[in-house]
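Chemist: In case you want the letters, here they are:
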Amino acid sequence: MIDTAKLDQILPLVEKPGRYIGNELGCVKKSQDLPIRFLFAFPDVYEVGMSHLGSTILYHLTNEREDTYAERTYAPFPDMQEQMIKAGIPLYSLETYTEASAFDIIGFNLSYEMCYTTVLSMLDLAGIPLLAADRKDSPIIMAGGTCTYNPEPLADFIDLFVIGEGEEVNNELLDLYAEHKRKGLDKQAFLKDASAIPGVYVPSLVEVTYHEDGTVAKIAGENLPVRKRFIENMDTAYYPEKLIVPNVEIVHDRVVLEIFRGCTRGCRFCQAGFIYRPVREKNLETLMAQAHRLIAASGYDEMSLSSLSSGDYSCIEELSVRLLDELKDKHVSPSLPSLRVDSFQKEYAQKMQNARKSGFTFAPEAGTQRLRDVINKNVTEEDILRGVGYAFESGASTVKLYFMIGLPTETFEDLDGMVELVGKIRDVYYKLPKEQRNGMLKINVSASSFVPKPFTPFQWEPQNDTELLHEKQRYLREKFKGMKGVRFAHHETPISFLEAVFARGDRRLGKVLLYARQAGSQFDSWQDHFNLDWYTEAFEKAGIDPKFYAYRERSLDELMPWDHIHCGVTNEFMLRELRRAKAGKTTPDCRQGCLRCGFEGVCGK
Amino acid sequence: MRICVKFSREGFSKYLAHLDMQRMFVRAIKRADLPAKYSAGFNPHMNISFAYPLGVGIETRGDYLEFFTTEDIDIAAAEQALRLQMPEGFGVQAMGELDEKTGKLMALTQQAEYRLEGFCPEFAAWVQAFLQKDSYMVERERKGKVRTIDIRPMVKECVFLEDGAIRLRVDNSGSASLNPTLLLKAAAKESGKDEMRARIIRMELYTVTEDGALQPITALFA
Numbered sequence: 009m010i011d012t013a014k015l016d017q018i019l020p021l022v023e024k025p026g027r028y029i030g031n032e033l034g035c036v037k038k039s040q041d042l043p044i045r046f047l048f049a050f051p052d053v054y055e056v057g058m059s060h061l062g063s064t065i066l067y068h069l070t071n072e073r074e075d076t077y078a079e080r081t082y083a084p085f086p087d088m089q090e091q092m093i094k095a096g097i098p099l100y101s102l103e104t105y106t107e108a109s110a111f112d113i114i115g116f117n118l119s120y121e122m123c124y125t126t127v128l129s130m131l132d133l134a135g136i137p138l139l140a141a142d143r144k145d146s147p148i149i150m151a152g153g154t155c156t157y158n159p160e161p162l163a164d165f166i167d168l169f170v171i172g173e174g175e176e177v178n179n180e181l182l183d184l185y186a187e188h189k190r191k192g193l194d195k196q197a198f199l200k201d202a203s204a205i206p207g208v209y210v211p212s213l214v215e216v217t218y219h220e221d222g223t224v225a226k227i228a229g230e231n232l233p234v235r236k237r238f239i240e241n242m243d244t245a246y247y248p249e250k251l252i253v254p255n256v257e258i259v260h261d262r263v264v265l266e267i268f269r270g271c272t273r274g275c276r277f278c279q280a281g282f283i284y285r286p287v288r289e290k291n292l293e294t295l296m297a298q299a300h301r302l303i304a305a306s307g308y309d310e311m312s313l314s315s316l317s318s319g320d321y322s323c324i325e326e327l328s329v330r331l332l333d334e335l336k337d338k339h340v341s342p343s344l345p346s347l348r349v350d351s352f353q354k355e356y357a358q359k360m361q362n363a364r365k366s367g368f369t370f371a372p373e374a375g376t377q378r379l380r381d382v383i384n385k386n387v388t389e390e391d392i393l394r395g396v397g398y399a400f401e402s403g404a405s406t407v408k409l410y411f412m413i414g415l416p417t418e419t420f421e422d423l424d425g426m427v428e429l430v431g432k433i434r435d436v437y438y439k440l441p442k443e444q445r446n447g448m449l450k451i452n453v454s455a456s457s458f459v460p461k462p463f464t465p466f467q468w469e470p471q472n473d474t475e476l477l478h479e480k481q482r483y484l485r486e487k488f489k490g491m492k493g494v495r496f497a498h499h500e501t502p503i504s505f506l507e508a509v510f511a512r513g514d515r516r517l518g519k520v521l522l523y524a525r526q527a528g529s530q531f532d533s534w535q536d537h538f539n540l541d542w543y544t545e546a547f548e549k550a551g552i553d554p555k556f557y558a559y560r561e562r563s564l565d566e567l568m569p570w571d572h573i574h575c576g577v578t579n580e581f582m583l584r585e586l587r588r589a590k591a592g593k594t595t596p597d598c599r600q601g602c603l604r605c606g607f608e609g610v611c612g613k
Numbered sequence: 010m011r012i013c014v015k016f017s018r019e020g021f022s023k024y025l026a027h028l029d030m031q032r033m034f035v036r037a038i039k040r041a042d043l044p045a046k047y048s049a050g051f052n053p054h055m056n057i058s059f060a061y062p063l064g065v066g067i068e069t070r071g072d073y074l075e076f077f078t079t080e081d082i083d084i085a086a087a088e089q090a091l092r093l094q095m096p097e098g099f100g101v102q103a104m105g106e107l108d109e110k111t112g113k114l115m116a117l118t119q120q121a122e123y124r125l126e127g128f129c130p131e132f133a134a135w136v137q138a139f140l141q142k143d144s145y146m147v148e149r150e151r152k153g154k155v156r157t158i159d160i161r162p163m164v165k166e167c168v169f170l171e172d173g174a175i176r177l178r179v180d181n182s183g184s185a186s187l188n189p190t191l192l193l194k195a196a197a198k199e200s201g202k203d204e205m206r207a208r209i210i211r212m213e214l215y216t217v218t219e220d221g222a223l224q225p226i227t228a229l230f231a
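Protein chains in written order, with this note's numbering: chain Y, 9 to 613; chain L, 10 to 231.
Next up, chain Y with everything else stripped away, as it sits in the complex (with noise of 0.2 Å):
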């Protein structure tokens, strides 16, 4: 345990000391005796990853054993860093104070690339070496979520990955640990074991080598590929009854209830949309009855539904209506994120708007139907000003307005679509009469930079040069300039630009990371953390080009850092998606017709 005391010395130095104090209502207390001690660690702040569903999951789910105690950190900041170290205390774990170096496995969660660093300051601030190659006794390094699909950037640093949903393979690696442990652990054998386990991945029993020009050559290791792991039934998934109720403010402060994973749209440009498949629902009774368990245990007067499209989930009006009508006595208002705008419907537009008194959101993505089709966001402009009337006709006034900028095939003439896209918005708006108005019209247009994934029919693609990206926003703030109520915002394109290379990149970058890092680079995605100079220098330092990963159309045959890992949607599928994309084709929502995109025979089952 830390010096508790010292730790009362620094709390009133720094921001927001709650978040460091733990001990939260639902946090799970056992004894510190058991045979094995898991920290969740989560790179970024506690506000942030109090807010991730899947780690809230993991952490209970890992806490339903016997034999095992979990517990969680997150990233302090740097102000925190700083006195901690100062004050010589570690990073420590919320529910019982304990070094973080003294527990058997630490979970890293990786949900953004940008993240990286931070993974790494938290190793640091631990006291643990950097390097897996220079672990000897210290604790079990592992990650999982959605990063992991390609993990080859942080290969030099985690002993084993999870590939996909963690809710069976935890399990199997903790009783696998639990063994080992028992006859005195050697961690070489564990590894080696637990690379047999499908969906666990260990990096240094896998050899890459590569071509003179700088790509991969071949990748060989035993138990290869690793398949991604995923849950079949999710009614009888666990969920649990509890969660922590944060004692302060975090992003998602609310019960956040989970109604599918997967999504069937099969948008070009989007990773989770291949990843997250199949599509598996919860049935309507299910989802009513952890509702009302959720809201019961943690006294929340909000809740969200979690999904990439809660929109296509096949009961949602009954679903809204059900909570609408159940909840209202709880004084509880539900409220239905990430709607897709060929799904809204007028009646729901108007229960929302009784629900909450909030915006609403709409991702077009893109500016023209030509554009649309090449990365099948199956929407029409037609769609979209029917939607827009919808919430306006109920008293919206406010919306948010999704679009992406350096899509394959972008031309002006798709961000002149944007612009004419908006002004249509407007003339809806302004079309209805004075009376139904609700005061002056606001619409936030966000423009974020496209960043090719693995995973997706763009992996192959190059991403605009910084140069292009910032020639775009800057004609795009010029023609929104002139538009009132209009606000335009977009991305930090170094970030987009990193996010790029480290999400297609291979072990190589390792490199990278760790000179970054050691230049003082974590809380990447945190705007005034973030010093592209560190970065600059560390590809350097490395000899690397970073360009040959963001900007480098990779051809069709070429062998990509995560070949390795399969995420379930064959190969071949993504190449008939890629050459539908570059033919102006759309692609039909797989419930339609079943599309074989590797999933045929486990889908719908």
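Since the hints were made in silico from the structure, they are not lab data.
Errors might be hidden in some of the hints.
Computed list of lysine to aspartate or glutamate pairs in EDC-like fashion (alpha-carbon distance at most 16 Å, straight line) [unchecked claim]: (1) L:46 x Y:337; (2) Y:191 x Y:176; (3) Y:338 x L:42; (4) Y:37 x L:42; (5) L:142 x L:166; (6) Y:336 x L:42; (7) Y:38 x L:97; (8) Y:200 x Y:187; (9) Y:24 x L:29; (10) Y:191 x Y:243.
Assemble the complex: chain Y is given as a structure, and chain L must be docked to it using the hints.
Modeler: Chain L in isolation, oriented as in the chain Y frame:
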């Protein structure tokens, strides 16, 4: 029914901000399934109000909050139900009914008693000297404005206890209130130190009756 809760917060839970604590109590009351009254309007919310905000870093064994219920409740049962919903570090000391005709808790609260522990000998000496004075001017910053105020008259009682702690009773109302950290700051400044620290525990909040007698808020419970 107008319900008043006397609560404690000790240990690291002292690091929660006022808004966080308010949110915590709203959720606890919901979990305890007490029929709390909600505000009318578009976004109804549970109305709970505190007798006096508690600064970050200060513990308490005697703070109060109030809320209304939509129906009469069994107070002993409600007290037990709420106690079970307290996160670690928080406690329910007492629950009672307040007369709906008496003013808001915040207006009733006049003085606060604190216990100060674990301070340095220099602070003790400074307090001794301070008590000999009739007046002690300090600068206090509030909402960006710096004002010079006399804190000596705000100290009503200050006793050195046998266990080495200080019992301190001070003004604590809307018109005049003294946070004990101001004493630590003043002492540090006068001794040329960067800072002085102490464990500060609010022990009780008092109201003053019409005849001038001092009464803990619990005395108002029906």
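Chemist: Hints numbered earlier in the text: which of these fail when held up against the supplied structure?
Modeler: 2, 4, 10
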